[in-house]
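As a plain string of letters, each chain reads:
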Amino acid sequence: MPPIRTRNKRKPPPDGFDDIEDTLLEFENKMKDAENAPHDGKRRNEVLWPIFQISHQRSRYIYDMYLKEGISRDLYDWLLKNKYADPLLIAKWKKQGYEKLCCLKCIQTKETNFGSTCICRVPKARMTGGNAVECVNCGCHGCASSD
Amino acid sequence: MSSGHPPSASLPPLPKGWTEHRAPTGHNYYYHAETKTSTYTRPVEPAHAAPVPNFAPQVPPQSYQQPNQFNFNYPRNHPQQYHHANQGQFQPPRRPRHQDKPDKPKTKRSIPDAAPWVLVTTKKGNTFIHNPETKESLWDAPESLKSAIESLEKLSLDEERERERIRRRQSALDRQRREQEEAIANQEEEYEYGEEEYYEPSEGEEGSGVHGIKRQASAPAEGEEGDYYDDEDFDEEHDEKRLRMETGGLVEFTEDDIAWQLGDIAAQYGLGEEDLEETDDLAPEDGALLFKDLLNDLNINPYSTWDSELPKLVEDGRYTALPTTKMRKQVFGEWCQERIAEIKKEKEKEVKKDPRVAYLAFIEANATPKLYWPEFKRKFKKEAAMKDVKITDKVKETYYRDYISRIKTSVETRENDLKKYLKTVKDLRRVSTLETLPPSVECDIRYTVVPKDRRDPIVEAHIKSLPEDAGEGDSSNDTLERQRRALEDREAAVRRERFYNQKDIARGKEVLRETEMEIKRAMNVGKEGLLGHLEPAKEKDEEEGKAP
Chain S
1 MPPIRTRNKR KPPPDGFDDI EDTLLEFENK MKDAENAPHD GKRRNEVLWP
51 IFQISHQRSR YIYDMYLKEG ISRDLYDWLL KNKYADPLLI AKWKKQGYEK
101 LCCLKCIQTK ETNFGSTCIC RVPKARMTGG NAVECVNCGC HGCASSD
Chain A
1 MSSGHPPSAS LPPLPKGWTE HRAPTGHNYY YHAETKTSTY TRPVEPAHAA
51 PVPNFAPQVP PQSYQQPNQF NFNYPRNHPQ QYHHANQGQF QPPRRPRHQD
101 KPDKPKTKRS IPDAAPWVLV TTKKGNTFIH NPETKESLWD APESLKSAIE
151 SLEKLSLDEE RERERIRRRQ SALDRQRREQ EEAIANQEEE YEYGEEEYYE
201 PSEGEEGSGV HGIKRQASAP AEGEEGDYYD DEDFDEEHDE KRLRMETGGL
251 VEFTEDDIAW QLGDIAAQYG LGEEDLEETD DLAPEDGALL FKDLLNDLNI
301 NPYSTWDSEL PKLVEDGRYT ALPTTKMRKQ VFGEWCQERI AEIKKEKEKE
351 VKKDPRVAYL AFIEANATPK LYWPEFKRKF KKEAAMKDVK ITDKVKETYY
401 RDYISRIKTS VETRENDLKK YLKTVKDLRR VSTLETLPPS VECDIRYTVV
451 PKDRRDPIVE AHIKSLPEDA GEGDSSNDTL ERQRRALEDR EAAVRRERFY
501 NQKDIARGKE VLRETEMEIK RAMNVGKEGL LGHLEPAKEK DEEEGKAP
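The listed protein sequences correspond, in order, to chains S and A. Residue 1 is where the first sequence starts when you use UniProt numbering, and the numbers rise one by one after that. Residue 1 is where the second sequence starts when you use UniProt numbering, and the numbers rise one by one after that.
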């Protein structure tokens with residue numbers, strides 16, 4: 001049986017963790033609330049949207065902090081290792097055209113019938129019809145880099 | 001209405017020193033700056049010597065009597081004073097545009113029974129009459145119009161009371177709605193005050209024509225949307241906004257009219273033509289600076305997110321220094337980066353303390369032999385010292401158990417232990433004090449376990465007993481010693497060198513002797529000739545062949 005890694009037993013975080021601890025705790029609480037929120041009256045897809053959004057925000061926060069040099073490389077790696085942020089999503093943000101990507105599901109072409117990406121990847125300028133979109137995967141309103 | 005403004009046509013002029021103001025509720029009140037008294041009843045000339053001192057019922061109600069902030073001279077129609085009162089927040093030199101902003105017409109009402117004339121109220125609450133046909137404007141209405149204006153005013157006063165009643169009824173509802181809107185708006189990308197809609201139930205009942213009868217002197221000099229958003233009085237502010245919304249649609253001047261009247265008013269204020277230019281938008285750099293100022297003033301946490309800090313910012317006037325949320329976010333990002341760099345620098349300067357010191361201090365204060373480690377841990381799990389992740393649980397436990405086992409022994413034993421321990425410590429110097437003990441001492445359980453009042457004298461005594469040469473005072477001794485040791489080293493090295501040299505020479509001599517012997521042997525040729533040399537050589541070869 002693999003060892004159970006609890007918060008107290010894990011390797012202590014590198015210096016600078018206490019600076020961002022409060023904000024991370026806020027995200028954690030938000031996530032807990034979103035997980036426990038009632039879903040009556042919501043569509044099936046809609047249930048997961050807040051989860052995706054909070055996860056995105058938290059990843060963005062950590063990545064921004066790293067870029068602003070608010071946290072050290074060590075701490076950044078530690079956070080990724082301890083799953084505070086989604087490293088795969090952050091990896092996409094480093095690619096041109098994916099700077100604002102909302103979630104990995106939205107660029108997964110294999111899951112769509114015609115091998116296309118999600119509607120939220122379409123730039124606002126190219127959209128016909130003035131209706132606001134909410135993508136099915138994560139409720140994104142549009143995450144094209146040009147928006 | 002300021003004293004500079006022509007008095008209303010119907011009322012006698014105010015005695016000297018009195019000024020007329022409009023409360024946010026719509027009532028007029030009068031204020032005497034020198035005696036600092038205010039009254040709802042209009043003071044008249046004969047009574048000017050003794051302004052009424054006791055008029056408890058006439059003091060404006062508590063709702064808009066803000067301690068510290070509300071001052072009866074609180075001049076909605078004196079923008080300059082307003083800004084001085086808020087200097088901390090507004091910094092007048094940077095925002096001159098509010099101070100000498102030209103007055104603008106706000107509402108226009110036609111005067112009944114005097115066909116072409118209209119009564120115009122400006123943003124600053126001044127009123128004048130205007131004839132659109134002859135393009136004539138007058139501060140003082142001629143006698144023929146006075147009665148008409150008076151009736152109009154009376155009508156408007158009734159109207160205002162009615163409105164007031166409705167407004168009170170709706171205020172709770174409105175506030176609730178406003179809060180909702182704010183919550184929603186926080187999530188929106190574009191957060192503009194001006195775009196907000198307000199619930200206006202009385203709109204339909206009264207009809208658009210009714211609005212014209214409102215003599216809206218109180219509707220203050222709200223230059224741009226949101227600029228005056230202070231947290232002084234939510235309700236008041238809200239009402240003003242409502243009023244602005246109502247009256248906004250009523251200004252039906254043509255371009256010509258407005259230009260002409262502005263010129264007229266500007267002349268009254270003694271302004272030049274260039275002052276009439278719209279100075280609404282700050283340069284982006286200034287806006288960014290102002291916004292950063294706001295962030296600095298409000299002690300925003302740079303390690304936080306935009307979304308969580310936004311509610312603190314929105315209420316301040318400088319929030320609108322930048323026009324769009326996108327720009328605000330960008331400036332926020334820049335500011336965060338700068339601030340983080342500053343904080344980092346400060347942290348580098350600070351002396352780092354061993355985390356174990358705090359933990360040991362905590363143990364000293366709270367540990368008792370009655371609690372086992374798991375119990376102690378459970379009891380104090382919320383304490384900062386116990387949550388400190390820099391010390392592992394194992395280390396914490398060892399310290400605790402050690403502490404408990406030692407605390408059970410007598411104080412004398414513990415003291416002896418400490419004395420023994422101090423003798424082994426090498427970090428201690430003659431110059432160190434109780435405050436600057438090396439971490440190795442401070443984090444040792446033998447040091448912690450002795451009560452503070454008993455261990456301090458021991459440590460002090462020990463430090464005093466330390467030999468002088470350990471300190472900085474006897475540095476000359478130290479250098480001599482070092483020189484001596486260096487000399488010894490050098491001598492040893494030289495001796496070794498000489499020894500090797502002699503050995504080399506000896507070996508050379510040996511080699512030389514051997515070759516001489518060989519030559520001698522070679523010269524010694526007997527009767528056998530060369531054969532005598534060969535034979536022994538062969539034997540030698542054979543011997544050598546066997547040997548290996």
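Quick caveat, the hints were computed from the structure, so don't treat them as lab data. Fair warning: there could be bad hints in the mix.
[As the list claims (entries may be wrong)] Taking lysine-lysine and the DSS-like style, the derived pairs with C-alpha atoms no more than 30 Å apart in a straight line are:
#  : chain 1 : residue 1 : chain 2 : residue 2
1  : A       : Lys381    : A       : Lys394
2  : S       : Lys11     : A       : Lys349
3  : S       : Lys9      : A       : Lys370
4  : S       : Lys68     : A       : Lys390
5  : S       : Lys42     : S       : Lys11
6  : A       : Lys408    : A       : Lys419
7  : A       : Lys370    : S       : Lys30
8  : S       : Lys11     : A       : Lys292
9  : S       : Lys9      : A       : Lys396
10 : A       : Lys370    : A       : Lys387
11 : S       : Lys81     : A       : Lys381
12 : A       : Lys104    : A       : Lys146
13 : A       : Lys379    : S       : Lys32
Against the structure, the hints:
Restraint check: the Cα-Cα separation between Lys381(A) and Lys394(A) comes to about 15 Å, which is no more than 30 Å; the hinted pair holds. A distance of roughly 27 Å separates the Cα atoms of Lys11(S) and Lys349(A); the hinted pair therefore holds under the 30 Å criterion. The straight-line distance between the Cα atoms of Lys9(S) and Lys370(A) is roughly 26 Å, inside the 30 Å bound, and the hint therefore holds. Pair hint Lys68(S) plus Lys390(A) holds up; C-alpha atoms about 25 Å apart against a cutoff of 30 Å.
For the hint linking Lys42(S) to Lys11(S), the alpha-carbon distance of about 40 Å lies beyond 30 Å, and the restraint is violated. Proximity of Lys408(A) to Lys419(A) is assessed by CA-CA distance (about 18 Å); at most 30 Å being required, the pair is judged to hold. For the suggested pair Lys370(A) and Lys30(S), the alpha carbons sit about 40 Å apart, so the restraint of at most 30 Å is broken. Among the hinted pairs, Lys11(S) with Lys292(A) is inconsistent with the structure: their alpha-carbon atoms are about 38 Å apart, more than 30 Å.
With a CA separation close to 13 Å, the supplied pair Lys9(S) and Lys396(A) stays within the 30 Å bound. In summary, the hint linking Lys370(A) to Lys387(A) is supported, as the alpha carbons are separated by about 22 Å, within the 30 Å threshold. Note on Lys81(S) and Lys381(A): the hinted pairing holds, with a Cα-Cα distance of about 26 Å set against a maximum of 30 Å. Under the criterion of a C-alpha separation no larger than 30 Å, the hint pairing Lys104(A) with Lys146(A) is consistent with the structure, at around 23 Å.
Proposed proximity of Lys379(A) and Lys32(S) is supported: the alpha carbons are some 26 Å apart, at most 30 Å.
In this structure, the hints that do not hold are numbers 5, 7, 8, in rising order.
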